[in-house]
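Line by line, the protein sequences are chains A and G.
Numbered continuously in the working numbering, the first sequence closes out at residue 113.
Numbered continuously in the working numbering, the second sequence closes out at residue 350.
Just so you know, not all the hints are guaranteed correct.
[Claimed, not checked] Here are the simulated DSSO-like cross-link-like pairs (lysine-lysine), alpha carbons at most 27 Å apart as the crow flies: (1) G:Lys-247 <-> A:Lys-43; (2) A:Lys-57 <-> A:Lys-68; (3) G:Lys-247 <-> A:Lys-57; (4) A:Lys-43 <-> A:Lys-57; (5) A:Lys-3 <-> A:Lys-71; (6) A:Lys-43 <-> A:Lys-3; (7) G:Lys-247 <-> A:Lys-68.
Just so you know, the hints here were simulated from the structure itself, not pulled from any lab data.
Below, each chain spelled out in residue letters.
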Amino acid sequence: QKEVEQDPGPLSVPEGAIVSLNCTYSNSAFQYFMWYRQYSRKGPELLMYTYSSGNKEDGRFTAQVDKSSKYISLFIRDSQPSDSATYLCAMTTSGSARQLTFGSGTQLTVLP
Amino acid sequence: DAGVTQSPTHLIKTRGQQVTLRCSPKSGHDTVSWYQQALGQGPQFIFQYYEEEERQRGNFPDRFSGHQFPNYSSELNVNALLLGDSALYLCASSLELAGGISHEQYFGPGTRLTVT
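From just these sequences and the hints, can you work out the full model?
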């Protein structure tokens with residue numbers, strides 16, 4: 002079993018829809034949670050970064066972390082065709098551990 | 235503000251050969267991590283360099299080695315290439331803060347390696 006599970010999709014939505022992307026994890030030591038966006042043949046771009054449980058909002062993006070359920074989410078409001086990409090969740094422990102553990106990514110297409 | 239840069243963009247090698255990939259971190263960053271991303275998968279951590287030393291290593295064989303230079307740039311070397319080494323190799327940089335590392339890692343565009 003992988004430490005981080007992410008539904009690979011593909012997920013296709015109409016423009017303007019609310020998108021929900023999710024990851025589950027098994028390592029309770031994970032404390033820092035990130036969402037990256039990766040366009041085809043490009044490097045991942047950091048979208049959101051949160052620590053421990055709670056919500057964080059940045060424009061059309063909201064990240065949620067529920068440590069009790071080992072479940073994180075990324076919501077995209079008013080989705081745009083330019084949001085079409087692969088979304089990767091990543092997480093790491095506090096302290097001396099510094100490597101990011103990624104999910105396999107969810108491919109999202111927003112149709113105009 | 236220059237972001238993370240990597241070279242070359244693409245590379246084609248033959249099984250058994252050796253390859254060197256290069257990375258320059260984001261301006262002001264001092265820590266470099268390397269990841270391997272197979273097609274359709276998330277990046278897998280290879281190792282991280284700080285103060286010119288390998289600080290942490292993922293589950294990769296000794297064929298994978300690296301180096302960090304005084305200007306914080308880094309190289310990834312892979313010896314005895316296998317077909318399974320074909321992947322996108324990503325470099326990420328971050329800044330070591332007092333009391334621990336900044337967990338915000340910024341990625342470069344990657345080097346796509348094809349082994350034939």
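Here is what the structure says about each hint:
Restraint check: the Cα-Cα separation between Lys-247 (chain G) and Lys-43 (chain A) comes to about 21 Å, which is no more than 27 Å; the hinted pair holds. As the CA atoms of Lys-57 (chain A) and Lys-68 (chain A) are separated by approximately 14 Å, the hinted pair is consistent with the 27 Å bound. As the CA atoms of Lys-247 (chain G) and Lys-57 (chain A) are separated by approximately 44 Å, the hinted pair breaks the 27 Å bound. Restraint check for Lys-43 (chain A) and Lys-57 (chain A): satisfied, since their Cα atoms lie roughly 26 Å apart, inside the 27 Å limit.
Taking the CA atoms of Lys-3 (chain A) and Lys-71 (chain A), the gap is about 13 Å. The hint holds against a cut of 27 Å. Restraint check for Lys-43 (chain A) and Lys-3 (chain A): the C-alpha separation of about 24 Å stays at or below 27 Å, so the hint holds. Proposed proximity of Lys-247 (chain G) and Lys-68 (chain A) is contradicted: the alpha carbons are some 44 Å apart, above 27 Å.
Checked against the numbered hints above, the structure violates hints 3 and 7; every other hint is satisfied.
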